[in-house]
Amino acid sequence: MTLAARPAGTRRGSRRRPRTRRWLATAGLLVLPVVFLGWFFAWPVTAIVWQGLAPEGDLELGVLGRAVTDPGVRSVAWFTLWQAVVSTSLTLLVALPGAYTLSRQRFRGRGVLQAAVTVPFVLPTVVVGSAFLALLGPRSPINAALVAVLGDEAPALDLRRTVTAILLAHVFFNYAVVVRTVGGLWSMLDPRLEDAARVLGASRWRAFREVTWPLLRPAVAASAAIVFLFTFTSFGVVLILGGPGRATIEVEIHRATTQLLDLPLASTLALLQLAAVLAALAVYGRLTRRAQVQQRLVASHTTQRRPQGRGERALLAANLVVIVGLVLSPLAVLVERSLVTAEGYGLDNWRRLLTDDTSTVLAVPAADAVRNSLLFGVSATLVALVIGTLAASAATLDRGRLTGLVDRALMVPLGTSAVTVGFGFLIALDRPLDLRGSPLLVPLAQALIATPFVVRTLLPVLRSIDRRLREAAAVLGARPLRVWREIDLPIVGRALLVAAGFSFAIAVGEFGATVFVARANLPTMPVAIFRLLGRPGVANFGQAMAMSTLLAAITATALLAIDRLRVGQIGRF
Amino acid sequence: MTAPSPLPRPRTTSPVHRRGRRPWLFAAVAAAALLLAACAQDPDDEAPDPGADPAEEEPDDDEPVEEDAPDTDAAEDPAGTTVTLLTHDSFDVSEEVLEAFTDETGVEVSVVPLGDAGTALNQAILTRDAPQGDLLFGVDNSFLSRALDEELFVAHDSPALAEVDERFVLDPELGALPVTYGDVCLNHDVEWFAERDLEVPTDLADLTDPAYEGLLAVQNPATSSPGLSFLLATIDRFGEDGYLDFWSDLVDNDVVVTDGWSEAYYDEFSGTGGGDRPLVVSYASSPPAEVFFADPQPDEAPTGVIEASCFRQVEFVGILEGAENPAGARLLVDFMLGQRFQEDLPLTMFVFPVNTEAALPEVFEEHAVVPDEPLEIDPAAIGENREAWIEAWTSTVLR
Chain B
1 MTLAARPAGT
11 RRGSRRRPRT
21 RRWLATAGLL
31 VLPVVFLGWF
41 FAWPVTAIVW
51 QGLAPEGDLE
61 LGVLGRAVTD
71 PGVRSVAWFT
81 LWQAVVSTSL
91 TLLVALPGAY
101 TLSRQRFRGR
111 GVLQAAVTVP
121 FVLPTVVVGS
131 AFLALLGPRS
141 PINAALVAVL
151 GDEAPALDLR
161 RTVTAILLAH
171 VFFNYAVVVR
181 TVGGLWSMLD
191 PRLEDAARVL
201 GASRWRAFRE
211 VTWPLLRPAV
221 AASAAIVFLF
231 TFTSFGVVLI
241 LGGPGRATIE
251 VEIHRATTQL
261 LDLPLASTLA
271 LLQLAAVLAA
281 LAVYGRLTRR
291 AQVQQRLVAS
301 HTTQRRPQGR
311 GERALLAANL
321 VVIVGLVLSP
331 LAVLVERSLV
341 TAEGYGLDNW
351 RRLLTDDTST
361 VLAVPAADAV
371 RNSLLFGVSA
381 TLVALVIGTL
391 AASAATLDRG
401 RLTGLVDRAL
411 MVPLGTSAVT
421 VGFGFLIALD
431 RPLDLRGSPL
441 LVPLAQALIA
451 TPFVVRTLLP
461 VLRSIDRRLR
471 EAAAVLGARP
481 LRVWREIDLP
491 IVGRALLVAA
501 GFSFAIAVGE
511 FGATVFVARA
521 NLPTMPVAIF
531 RLLGRPGVAN
541 FGQAMAMSTL
551 LAAITATALL
561 AIDRLRVGQI
571 GRF
Chain R
1001 MTAPSPLPRP
1011 RTTSPVHRRG
1021 RRPWLFAAVA
1031 AAALLLAACA
1041 QDPDDEAPDP
1051 GADPAEEEPD
1061 DDEPVEEDAP
1071 DTDAAEDPAG
1081 TTVTLLTHDS
1091 FDVSEEVLEA
1101 FTDETGVEVS
1111 VVPLGDAGTA
1121 LNQAILTRDA
1131 PQGDLLFGVD
1141 NSFLSRALDE
1151 ELFVAHDSPA
1161 LAEVDERFVL
1171 DPELGALPVT
1181 YGDVCLNHDV
1191 EWFAERDLEV
1201 PTDLADLTDP
1211 AYEGLLAVQN
1221 PATSSPGLSF
1231 LLATIDRFGE
1241 DGYLDFWSDL
1251 VDNDVVVTDG
1261 WSEAYYDEFS
1271 GTGGGDRPLV
1281 VSYASSPPAE
1291 VFFADPQPDE
1301 APTGVIEASC
1311 FRQVEFVGIL
1321 EGAENPAGAR
1331 LLVDFMLGQR
1341 FQEDLPLTMF
1351 VFPVNTEAAL
1361 PEVFEEHAVV
1371 PDEPLEIDPA
1381 AIGENREAWI
1391 EAWTSTVLR
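Just so you know, the sequences run in chain order B and R.
Numbering of the first sequence is given in the working numbering, commencing with residue 1 and proceeding in unit increments.
Numbering of the second sequence is given in the working numbering, commencing with residue 1001 and proceeding in unit increments.
The set of hints was computed from the structure by calculation and includes no laboratory data.
Note that the structure is a prediction, hence the values are computed from the model and not measured.
Incorrect hints may have been included.
On the chain R side, residues computed to face chain B include the following (Cβ under 7 Å) [said to hold, decoys possible]:
(1) 1093
(2) 1220
(3) 1266
Positions of the beta carbon are idealized from the N, C-alpha and C atoms, including for glycine.
Can you make the complete structure from the sequences, with help from the hints?
Take a look at the structure:
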């Protein structure tokens, strides 16, 4: 076994021709990502921000000053920042051990759990918020347990409308980001490295700290960056669980745009948000500058081991408690609520949902909603995979400024207000083609959010492929295509599947700006849930819960299928 | 790893051009995948269209060429055209009613929901140079002045106005025509009050009574339309000088504020199972809805309405300035004010018809309450003060 890890930063040689050729290759790879990002993100966002800052065509900078000096804006910005930092740290703290368990420990039900933890990602905030309120309120199972043990004198724990509730929900939503991004790489680290360190006398902790951690760091940094951007732009969670007194910049942008129609204020806040996101990405870039190493990756199924010893088993148990308590119990609330009927439990809500005979124009038959969600999910996944693969390939080939810039620019949509993007679509995408009412815009908008996941998942793997594997194949006479098929594809295939699962979850979950893309004739599952929840009547609530459960089940099934997918060499790792 | 760092180079150097090949191959595969994606999307997106819905948007995208000069041709005979109705997410109408319109006029209707009422209006204002549709439904009296100030609508003196209750015609220019009305009212959990032998409050002022401590859930007026209506109700009831005192008393009496209607109604309100507060801000039509959607339907509604708390909401429709199909839009407006459409309103949108000839469905006759003298504020006054009132409310209640 050769030494697998090698620090980056060896000096660059000076070969003129290959370098030019590489530059051309990189540029070629970047064309599509740049066009995509420019057309569907940069241009709409610029258009709406410009309209806000220069309503009469001339830039009015007084607006900027007004907002920046406003103490209200400053306190909102401060809250946005600190809750995002704390949420990200908490998520890492809870999810990194989870990533280990779900990628390295072999136990019954692992695959199902891995799919299940991603489900929160797709559920509408309003549904999850409602489940959290039930779990954190005075009538929660925790309080019931307290009363059972301590009697009626037991203190009632009520976390509704607190920052704690926001933080817990953020961990719930983002657990999968860390588990998937970090676990994807972790499952392919050669365990013999750590074994060697142990044989040489290192403690388990030291072996982790000095061998595994440096190898994992790029993936950890990537997932931290994504979680930070998500929580920085948190919207529904803050409104529903934090109570109406708390607001993030995102909430204020939403209010300024959709209620006040105060575009100057909205634009200023959008710029503020953008500045913070760029700063965060710069920090992230700095953190990962020297983190990348080449290493020999191995097939994931060969790295999993049954937990051995008390420590391993305790870790597994602790992670299972976290997963059940934090991630699965809100889902259980949904299932339970979908079964509540006028007389105890039953399948009434499900029957109604599946045999709905109301014939109104905007009623959404369950089958249609499922079909449309799958349709958008698959299309968005394909778009994100193509754009993401191109960008990741370019970033592997060349690490110049341009590539780094595009790579980071692809992350910016994650940290941009969905309202800004959505309203940008409205005023910018009517020419040359009027895409505003087009269903094609939906997967494109969803792919904006999914693409960075693809890049972040692929890049650590692509960059760590040991070049000598390819060289060896070439020496043995394999043509480039065959080298790619036999070396790269099998190794990257696993990561591609992980990325595909993520993209799919994002698209099915109706992220962000797609809310502002009108599509009356293709309503999706989340749209159907919103419609049901918007009506009085216990039966409508029950059906909304049944639809949410269906959404969770379909997502979990799809993810499970994607995780197990084997197409030739793809997924063998 | 995004940083422009030097390439990781193993000590055993190798011909650089080899490095270059693999990503090219990736590009080729990726390009092929893109083609596949493009091919896969077309049939997928078109397939569901014909059967799914009368609303067709795609032809619009495919035919940017405007052959029919909208104003002249369409004015003569709009039959065979499509009219696009922009609206909020709570809009709905029975399929057969809309089909009747198409049968009568030959005009197809495409319904496009654009978010909540405020969002839909703001989208229409922002896209006024290139409207996304021909008419906008769903502007209510709290947003009416914004729509009128922006001169979003063209006037239409609909013949159907003859049957419409004059009280609802709030725009003398006839740009915005009333279609529905309803009331935002406090709802109470009938059983809860009966069990405790507690009197249901009859006046807004009762709510600050310690007997009702911790019983009320309301929505944030900054984010919720019924929340705003309830704030306006308190302003009308206690006056601009008194409403903040009332609200600070309410805070002392442990009022809970939620972000939106569904959280208040389903998570806090006891009348629908989820919560533990027996008083909530909802609609006058909520009790009949509770009966209508229950299975089996109860004889009495489980919830009731406190009449003295009701604030009137009127929703308007208007033909957009710059509409491509104004003739079709006029026909649709006439239809929306007519008896057929109006009688469909209660059980699809849970609002009341403004057409005096329209009959109410039985469940509304039996369980709905229409207050004789609801609280009301002039739309112009709302338009002028909305932000200041919300801001003052936020300072008093949330900070």
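To see whether the hints hold, each was checked on the structure:
no.: 1; hint: 1093; verdict: holds, 5 Å
no.: 2; hint: 1220; verdict: holds, 4 Å
no.: 3; hint: 1266; verdict: holds, 5 Å
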